[in-house]
Amino acid sequence: MAGIITQQDINNYKDQINKNGVGGAISVYQSLQNKGYTYAGWAGGVASGKTVTGQAALNFMAASSGKTFSESQLNNIRIDMANSYLNSLEKKLMMGVGKLQKMFHSKICVTFMKVFLRIMASISIIGLWSIR
Numbered sequence: 001m002a003g004i005i006t007q008q009d010i011n012n013y014k015d016q017i018n019k020n021g022v023g024g025a026i027s028v029y030q031s032l033q034n035k036g037y038t039y040a041g042w043a044g045g046v047a048s049g050k051t052v053t054g055q056a057a058l059n060f061m062a063a064s065s066g067k068t069f070s071e072s073q074l075n076n077i078r079i080d081m082a083n084s085y086l087n088s089l090e091k092k093l094m095m096g097v098g099k100l101q102k103m104f105h106s107k108i109c110v111t112f113m114k115v116f117l118r119i120m121a122s123i124s125i126i127g128l129w130s131i132r
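Heads up: the sequence shown begins at 1 in our numbering, then just goes up one per residue.
Hints should not be assumed to be uniformly reliable.
[Stated by the list, open to error] The calculated DMTMM-like cross-link candidates involving lysine to aspartate or glutamate, where the alpha carbons are at most 25 Å apart (straight line), are:
#1 Lys91 x Asp15
#2 Lys35 x Glu90
#3 Lys35 x Asp9
#4 Lys92 x Asp9
#5 Lys91 x Asp9
#6 Lys67 x Asp15
#7 Lys14 x Glu90
#8 Lys50 x Asp80
#9 Lys50 x Asp15
#10 Lys14 x Glu71
#11 Lys19 x Glu90
#12 Lys19 x Asp80
#13 Lys92 x Asp15
#14 Lys91 x Glu71
#15 Lys92 x Asp80
#16 Lys19 x Asp9
#17 Lys67 x Asp80
#18 Lys91 x Asp80
#19 Lys50 x Glu71
#20 Lys35 x Asp80
#21 Lys14 x Asp80
Hints are computed from structural coordinates only; laboratory data are not their basis.
Just so we're clear, the structure is a prediction, and the values are computed from it rather than from any experiment.
Please construct the entire structure, taking both the sequences and the accompanying hints into account.
What follows is the structure, given as structure tokens:
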């Protein structure tokens, strides 16, 4: 079972990402993975770009969009992914009683990652999403 996360934890995680960028995102993912949130392990691979799954996700995004992303663009995507994950946890927390202790089912985690990457890639193709 996943460890308990409170709103204060999420606020601290968001601050860490805002202050430290991708490095903060990687630290947040490591912390969440240590608490039993398995999606964070996969997402941490994307953020670091140093795992097989992370490389596969980055290659998928580039191949499906037909674009080559700069390191700066990738870092912005990585930060957006981390903040989106925290927003998802926050929404789940709001539906509860102030503490989150349920993990996302692994299929939901995989689907979230695939859908998010597809949306990022497809939007960038048609030019509606401006990569910072």
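Hints versus structure:
1. Taking the CA atoms of Lys91 and Asp15, the gap is about 17 Å. The hint holds against a cut of 25 Å.
2. Pair hint Lys35 plus Glu90 holds up; C-alpha atoms about 16 Å apart against a cutoff of 25 Å.
3. Restraint check for Lys35 and Asp9: the C-alpha separation of about 12 Å stays at or below 25 Å, so the hint holds.
4. For the proposed pair Lys92 and Asp9, the alpha carbon gap of about 14 Å is at most 25 Å, so the pair holds.
5. A hinted pair counts as satisfied when its Cα atoms are at most 25 Å apart, and Lys91 with Asp9 qualifies at roughly 14 Å.
6. For the suggested pair Lys67 and Asp15, the alpha carbons sit about 31 Å apart, so the restraint of at most 25 Å is broken.
7. The hinted pair formed by Lys14 and Glu90 meets the criterion: a straight-line CA distance of about 11 Å does not exceed 25 Å.
8. For a cut-off of 25 Å, the pair hint linking Lys50 to Asp80 stands: about 18 Å separates their Cα positions.
9. This hinted pair checks out: Lys50 and Asp15 have alpha carbons roughly 24 Å apart, not beyond 25 Å.
10. Between the alpha carbons of Lys14 and Glu71 the distance comes to roughly 21 Å, so the proposed pair stays at or under 25 Å and holds.
11. A threshold of 25 Å between alpha carbons decides the hint, and for Lys19 with Glu90 the separation of about 19 Å falls inside it, so the pair holds.
12. Distance restraint check for Lys19 and Asp80: the Cα-Cα separation of roughly 14 Å lies within the 25 Å cut-off, and the hinted pair is therefore satisfied.
13. For the suggested pair Lys92 and Asp15, the alpha carbons sit about 19 Å apart, so the restraint of at most 25 Å is met.
14. Taken as a hint, the Lys91 and Glu71 pair is broken in the structure, with Cα atoms around 30 Å apart against an allowance of 25 Å.
15. At roughly 18 Å between alpha-carbon atoms, Lys92 and Asp80 fall within 25 Å of each other, so this suggested pair holds.
16. For the proposed pair Lys19 and Asp9, the alpha carbon gap of about 15 Å is at most 25 Å, so the pair holds.
17. Between Lys67 and Asp80 the alpha-carbon distance is near 18 Å, which keeps this suggested pair within the 25 Å criterion.
18. Restraint check for Lys91 and Asp80: satisfied, since their Cα atoms lie roughly 16 Å apart, inside the 25 Å limit.
19. For the given pair, Lys50 sits about 14 Å from Glu71 by alpha-carbon distance, which is consistent with the 25 Å threshold.
20. Between Lys35 and Asp80, the direct Cα distance comes to roughly 22 Å. Compliance with the 25 Å bound is thereby established for this hinted pair.
21. Between Lys14 and Asp80 the alpha-carbon distance is near 11 Å, which keeps this suggested pair within the 25 Å criterion.
When the structure is compared with the earlier hints, violations turn up for hints 6 and 14 and for no others.
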